Structures are given as C-alpha cells and as structure tokens.
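Asks: Residues per chain, in single letters:
Number of protein chains: 2
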Amino acid sequence: MEKVKEKPDFAYMRIAKVMEQQILNGTLRTGDKLPSLRTICREYGVSQNTALTAYYNLESKFLIETRPQSGYYVRYSKTKIPSLPQITNPGANAEYTDSESMIRKVYDSLGEDGHLPLALGSPANELLPIAKLNKGLVTATRELKGSGVAYDKTEGNERLRRQIARWSFAMECDLNPDEIITTSGCLNAVSLCLMALTEKGDTIAMESPISFGMLQLAQTLGLKVLELPSDPRSGVDLNALADALKKRKIKACLFISNFSNPLGSCMPDENKRQAVGLLAKYDIPLIENDLNGDVYFSQKRPKSCKTYDESGLVLWCGSVSKTLAPGYRVGWVAPGKFKEEVRRIKRYHNISSTSITQEVIAGFLETGRYERHLRKLRHTLHGNLLKFSRAIADHFPEGTMASRPQGGFVIWVELPGPIDTYDLYEKCLRYKIGFAPGRIFTLQNQYKNCLRLNYGLLWNEKLEQDLKLLGGLARRALK
Amino acid sequence: MEKVKEKPDFAYMRIAKVMEQQILNGTLRTGDKLPSLRTICREYGVSQNTALTAYYNLESKFLIETRPQSGYYVRYSKTKIPSLPQITNPGANAEYTDSESMIRKVYDSLGEDGHLPLALGSPANELLPIAKLNKGLVTATRELKGSGVAYDKTEGNERLRRQIARWSFAMECDLNPDEIITTSGCLNAVSLCLMALTEKGDTIAMESPISFGMLQLAQTLGLKVLELPSDPRSGVDLNALADALKKRKIKACLFISNFSNPLGSCMPDENKRQAVGLLAKYDIPLIENDLNGDVYFSQKRPKSCKTYDESGLVLWCGSVSKTLAPGYRVGWVAPGKFKEEVRRIKRYHNISSTSITQEVIAGFLETGRYERHLRKLRHTLHGNLLKFSRAIADHFPEGTMASRPQGGFVIWVELPGPIDTYDLYEKCLRYKIGFAPGRIFTLQNQYKNCLRLNYGLLWNEKLEQDLKLLGGLARRALK
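These protein sequence lines map, in sequence, to chains A and B. full-length UniProt numbering applies: residue 1 is where the first sequence begins, and numbers increase by one. full-length UniProt numbering applies: residue 1 is where the second sequence begins, and numbers increase by one.
None of these hints come from the bench; they were simulated from the model. Note that the coordinates shown come from a computational prediction; the quantities given were computed from them, not determined experimentally. One or more hints might be untrue.
For identical chains, the list gives no copy identity; a pair is met inside one copy or between any two copies.
Here are the computed lysine to aspartate or glutamate pairs in the EDC-like style, where the Cα-Cα straight-line distance is at most 20 angstroms [as the list claims (entries may be wrong)]:
{"no.": "1", "residue 1": "K432", "residue 2": "D202"}
{"no.": "2", "residue 1": "K17", "residue 2": "E126"}
{"no.": "3", "residue 1": "K105", "residue 2": "E341"}
{"no.": "4", "residue 1": "K339", "residue 2": "D108"}
{"no.": "5", "residue 1": "K200", "residue 2": "E341"}
{"no.": "6", "residue 1": "K61", "residue 2": "D32"}
{"no.": "7", "residue 1": "K448", "residue 2": "D32"}
{"no.": "8", "residue 1": "K281", "residue 2": "D269"}
{"no.": "9", "residue 1": "K132", "residue 2": "E143"}
{"no.": "10", "residue 1": "K251", "residue 2": "E341"}
{"no.": "11", "residue 1": "K105", "residue 2": "E270"}
{"no.": "12", "residue 1": "K33", "residue 2": "E461"}
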C-alpha cells in the first residue's frame, strides 16, 4: 500500500494523515460521510481553520469532496478508481442494425419480482417523493379549473410553463412561458421535434453511445443516424462534429448535453457555445435533450446549449421523468423558431397532454418542493455513484474502466478484453441481476464489452452483494 | 295546423288525441317529458293498459319516444323536423387544401369567457362527473403500486385493459386484455395505427365529412385522403367503398363507425359486416374510431366493425374523452394482427401513457360508476338533441336540413342556398357564438353551407336564445 509522504509537522497534517490512512486501508470507504468540521475541532482540539485546512489537503488529492449543504465525503480511494474509458470511435455508417429484440428482452424482465433493476432507465421509486406527489394531486383537483377533467391547451398548462421558464434562469437562459410547449415526457418532446424537423431518409447526428430510446425513435421515423465519437467526460467530439457537417448533409443534431445517457458525460460550457455556433453556421437545428441537467453533483446546474442559442435553432427538451415522476408523463420543449410546427404536431397526434399531472408538477416547482427534493436526490445519487465506483473497482475484472458522471444516475462500464455483455446479461438473468448491455446504445455493431448500470437505486447490503456477484460473473466470462 | 284524424272512440284515443294536439300546437315541445303511465291512469281514470296503448299510438306516429329507465318524451313535432341532408358527394381527389388557419381560429376562441362553445369537440364540463373522478384519483393513489409515479407498461394499465375487454362484450366482441393497448386518448390511438400501417404518400380512405383532427393527422403524416360519400344515417357508402377499392391503391380505411363526427351517422350492423368482409377481400386494414359508441340513444350499444373482424384487420380505437374525462388522455386500441407494431410505435414515441389517470378510469369501469354516468349522459344528450332539432326547425332559415344522430353529441346542419359558414362564423364571433364551419371537415373545397353544432352542453334559456340568434344571423346572411 502506498505510503503517505508528508511529515505530520502541523496539526492539520496529523489529522489529514490519519484520514488518508483510513481511506487507503479501507476503514473509510468511498461515499462514507466524514466528521463535520465542528466534530474535528472537538475531537482533535484544533481550531476550525486547522480542520478546514486538513480537509482542503485531502480534497486537493481527490481523496475527499464537499457536497453542498451536506458536508465532506470520501471520494475515490487512490488505488480504487476505475480508469476512464477512451473517447468512443463509432462506425461512420448512418445505417442501422436491429437491436429491438435485445432491448425488449432487457426491459420486459424489469417488472419481475426480486429482479435487481440495474437496467432501469429512471431512479427507483424509493428515491421519489410519492407521498408529497399524492398530496399535490389532491391540491391540483382543487386548484385546477375543472379538476383537470377538461382538455388542456395544446401548448400546455400555463402555470407549469411559467415555472419552467422561471427555472430556466438556473442555466442562465431566460425563456418566457410562451416559448414553451409541454409534452408527455422528454422522449415525446424529442419525438415531436423530430417529426417537425425531419423526413424519412434524412440523416441526423447523435453522440455515441446514445440512449436506445432515441435510436429506436429515429429508426421508426425512417431516419439515418450518424453516430459521433464522444468523450466520457465532455461528450460529443466537436472536431468530429465539424468534420461531419462539412462532409455530409445532416438534417438535425440530437445531443444529451448534460449527464448523457449512457456515458454520463457533460458538455463543458465552452463546448456548448462552440457547438451552437457551428450549427448556426450551417443552419442546422439542435434537439437538446436536457432531461438530467437538474441532477448535478457539483455546486450549480450546468448551462444548456439553449443558453447560447441566438438563432432559435436549439429545441431544448426536458422533463421530470428522471427526477420526480416518470409515470406522470410530464415533459416540455422550448422549440425556438420551430415552435408553431412543434405545437401543430403535438395537436395532431395528441390534442393535449394529461391536464392534472401537469398541474401537480407546476405546484411542486412553484412551492420549492422540487428544489428540496432535488437536493436530497442529488445527494443520494452522488453517494451511490461513489459506492458503485468502489464496487466496480473492488469486484469487477482487473482493467475494467468506468465513466465518472458528474450528474445523472447512470454509469458506463467497459470490461477489459473480448466479451459480449449481452451473453453476460443472459447469464446474469438467472441470478435476477439485469443491466443494459452496451450493444443497445448504438446502431453499429459496437460496445460489445460495455454495459450501463443505473445507480439510482436504494443502496443496501443486497445491492452491494449483487454488484459483487455481477463482477464475479464478468470475471468468469472473461476467462 | 294539421288536424288529427282518428275519432276518439276509445279511451286510449282520447288521451292520445289530447297529447297530439298539445304537441302540434306547441304546448308540449320536443324533448319535454310526458306524464308517467301511473299519472295517466290516475288523471284519466284508465287502466295501465289503456295508458300504454295511448303512448304506443303516439309512438307509432313518431310523435313521442320512450327512453330506457326514464319514461316517455316528446319527439319531433310533425311540422318541425328539419329534413335530412342528402348523401354527401365529396370530390374524388386524394389531395388536400389547407384549413389549418380556420381550425386554429375556431379553436383558439373556445377558451374565452362567456363564449358559447357550440364548436366544442367534447361534452361540456357540466355534464361530466368531476367530483366522482376526483374521489377516484385519491383511491387510485392508494391502490396503484407506486401511486402512479412509476412508468406504466407500454401496453398500459392491466386493470384498465381487463375492464375494456369486459366492456367489449356489450358490442358482442369478446376481446381479451392482451389484445388491448392503452393510449393517450383516441386520436393518439389513431395516430399510432396510422404510423404503424402507412408511409408518406399512401392513400387512406375516410367517410366525408370527417373529423378535422383525423384529416390533419393524415396530412401531417404526408398521407393522401380519399373522401367517400356518406349517408347522414348509415355512414360511409358501401358501393363507393367497393368502387374505390377496385380502382385505387388504398393503404387503410379510417371510419367512425358509430355516431360519426360530424354527421352523427351510425353504420347499421349489416353495413359493418359487409365493410369488414369487403376490406378482408382486399387485405386492407380498417382503423375503426369508435369513440362515441357508448353514447347511444336507443336500447343497446351498436356493434362495432371489430365484432365482425375474423382476419385481424380491424384496429378498434376508443376512449373516455367524449364521455368522462377528455383531459385524462385515456384511450385504447385493439389493433388485431398489428398489435406488435402498434405497441412498438407507442413505446418509441411515448414510452407509456400517464399511469394514474388510467387507474382512475379502470376503477370507474370496474365499479359500475361508468355505466351509471353513461345512463345519465345519454339521457341528457338525447334530450338536448331533440331540443336542438326543434330550435333549428324553429329559428333557422326555411329549408335548413339537419342530421338525426342516434347517439353522440354533434349534429350536422346544412343551410339552404349559397352561403359560406366560415364568414357566418366570423360574424357570430361578435355575439360570442361559435360553431364548427363545414369546410374544416373536408380537404376538398366543400360543405361551405354546412356547420356542426355540439349539443353536449347544459341546456338553458341562454342557450336557446343563442341558437335563435344564430338562426337569425344565418337568415340574414342568406338574404
């Protein structure tokens, strides 16, 4: 085991050293909460400043981290961080292979009893504020004219649109309510945008790997998908994007800008600005799927591409499906200059969205309950991520790589060596463990050695054991 | 005024004569409730049999009618029945003109205060069981696992699908729950079916005039619409259908089989059987929009085309949007042999429908509350229809024709002579009276002298005055 190098000349060093040893020998484990500054002061008889300096020291080594309004936590242990996967290198075809049967198999097993839902595409029920939402429903029947029995306007609940507009300030994007159309969830928003912008045979560009829901949607609309190389930290590769725009006729782009699915990457602000500028140059619309932006682990919400949109080419899509209530089917889109077209398509296909659930979400946003819930959710998810990372380092095959999302609830895992994770998936089913095999996140024949795990679950002993079992099965499969 | 011919030889004749006179001179007006048999017995000192015979006599002259569980009502007065419009004669083009701006104008004005919603496409809130639905919501949060916060299955709420299957017995159609997929309302069901069955450039056949929602949907999907002549009583003309199938390549048909919108026609059972047989011969699927089938005014629910479907070619669509709760967005489809395709399309575009509202509707069907509500609704709507017919006869220009729907909540009115009802519509707006101009129910340049009225409103003095005003404005416009 690596030895700590600083001499404990100062009080802060003494404290830092003890903790570092505990982290390195596993007494303190990734995701564990550290004593508060006050406790440190009391226990070690030091000033608050000394305690703070000790924690700064540990933070600078990436051993611990602060979480807003929560305190200090053990981050990755030095020896235990799975390496980051390389930037992806998808095939250059805009054609597609069919992964429908695979996807169906993975998702049909999800409802089964006792089945560990690591394949889930949304946080587990246990992390959602169900009782408060139920109260919200009763309030909504009282406050909404006609109790939500009548058709809503096509553009959606006014109170909700006002709240979404207000909320958009968090990403320095001052939308007004009239620019927003509510939808039946985020995928539905993307569906409306694609129907408004594209025709059968058109090519759209997405990052790769990418949410299979969006791939399937593109396929069913008869679109060709150009998959772009993506970095597990910073998302879509801008050089590759620039190159593609030069060489091909691309009708629209579709990116998950913040905490992408499945990579967990987040486009840095500068990349967002550049991407928007580049697309404006070619007059190509960007459908920005920002459904995870509110689930950030750092100090503040990342911006969106919409923040930099001057030409009205960005169609910003969001929802509360990943944070509050997937089954409410409440999402939205700010379609920029395509608003009329998107509104028409919504009316033609759906008339309007469910009235009452929109009102409940409006209330949640208005009263601050959403923000309070998010604080808790972020905290839980961040802790879970660290625990998952540790479990992967501890139990998965030597050389396994994993992404390090700064938000969201999925982690991308790359197993070393040749293995087909769909075969592994089928083996794991016998143990009631599921996950999303890498191949379903592309239309190319790729990512066979990858898998996506959902860490938006309730962490417990059983979950840890199951991850260990999964790691063991992967080890065996690799041999 | 016409004189009554029978001599009052018998007690029943005496009674019948008095009532007939009262009906003919307007003392008793269309839609008025008649005394119960018991009251007749007491007042006239006759046996129940005599009272019954008197009512039979009046019924045979179409002066009165019985309504199940409710009693006897004045039907049309002899001199006051608007004639039936002729069978329609739509143009043979499968092209389209754009009525988007007209439709938008008509429907944007609907929300305005004090605006008479004769243009509405669903029954007014006052006719819907809002308090009971609100109770149902609270129950649903208790009974549904996860309170409806989690994603529902793509195929939809199991309890609801079981209830729809059970309900299908009323039309002698023994569906099983596995054959049903829930949707976000009936138009969404039709949208999923069209996306599953057709491609841009295909031609689909519909009756004419037809709901503009379905026309717009077809347009936005790039489909050509062949409009078929339709009879205001029996719906789509089967000879025209047979002829079209012989001459053209039709990808699918789309009919509102029961109480069509806007004509109010109902395909007789024999026509349904024949239409299904004919389409089976050509292997052409039929999307059957049966959203009004439960709102019948006769003794029992009309059958559906699905009842006669042996080849799995009928995709039967329905909803509770016209009977219970438009804003809940709960509908369904039994797509026959296209089930997998429709399910896939639903998943790709929507993932699933709103969970909680499906559960509420399931409860309504299961507990018999739906049937109780429907009895009341049918009764109200039937009474309203008779009152509307009388008002049209009384106040609209001489020679105005109107359909005589046996169910549903819309009536089709044909004004005599050259007039553009869209111009009339714009004039009426000043008086806060709206209706749906005939031109929006076709893609041809037709039905200019027609309009659709919604009688699913709360009948009162004001409504009657407004209909009178509308009739007066139509008279003036015709001069």
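Asks: Confirm or reject each hint.
Replies: To see whether the hints hold, each was checked on the structure:
1. In this homomeric assembly, K432 and D202 never come within 20 angstroms of each other (Cα to Cα): the closest approach is 41 angstroms inside a single copy and 46 angstroms across copies.
2. Taking the shortest Cα distances, K17 and E126 never come within 20 angstroms of each other, neither inside one copy (37 angstroms) nor across copies (73 angstroms).
3. Taking the shortest Cα distances, K105 and E341 sit within 20 angstroms of each other only across copies (16 angstroms), while inside one copy they are farther apart (36 angstroms).
4. For a Cα distance limit of 20 angstroms, the shortest separation of K339 from D108 across copies, 16 angstroms, qualifies, whereas the shortest one inside one copy, 36 angstroms, does not.
5. In this assembly of identical chains, K200 and E341 lie within 20 angstroms of each other by CA distance both inside one copy and across copies; the values are 17 angstroms within and 18 angstroms between.
6. Proximity of K61 and D32 under a CA criterion of 20 angstroms is satisfied intra-copy only: 17 angstroms inside one chain copy versus 87 angstroms between copies.
7. Taking identical chains as interchangeable, the C-alpha atoms of K448 and D32 are never at most 20 angstroms apart, the minima being 33 angstroms within one chain and 74 angstroms between chains.
8. Taking the shortest alpha-carbon separations for K281 and D269, only the intra-copy value of 19 angstroms comes in at or below 20 angstroms, while the best inter-copy value is 61 angstroms.
9. For the identical chains of this complex, K132 and E143 are neighbours both inside a copy (16 angstroms) and across copies (16 angstroms), given an alpha-carbon limit of 20 angstroms.
10. For the homomeric pair K251 and E341, the shortest alpha-carbon distance inside one copy (16 angstroms) is at most 20 angstroms, but the shortest distance between copies (26 angstroms) is not.
11. When the C-alpha separation of K105 and E270 is checked against a cutoff of 20 angstroms, the pair qualifies neither within a copy, at 40 angstroms, nor between copies, at 44 angstroms.
12. Only within a single protomer do K33 and E461 lie at most 20 angstroms apart by alpha-carbon distance; the minimum there is 17 angstroms, versus 71 angstroms between protomers.
Checked against the numbered hints above, the structure violates hints 1, 2, 7, 11; every other hint is satisfied.
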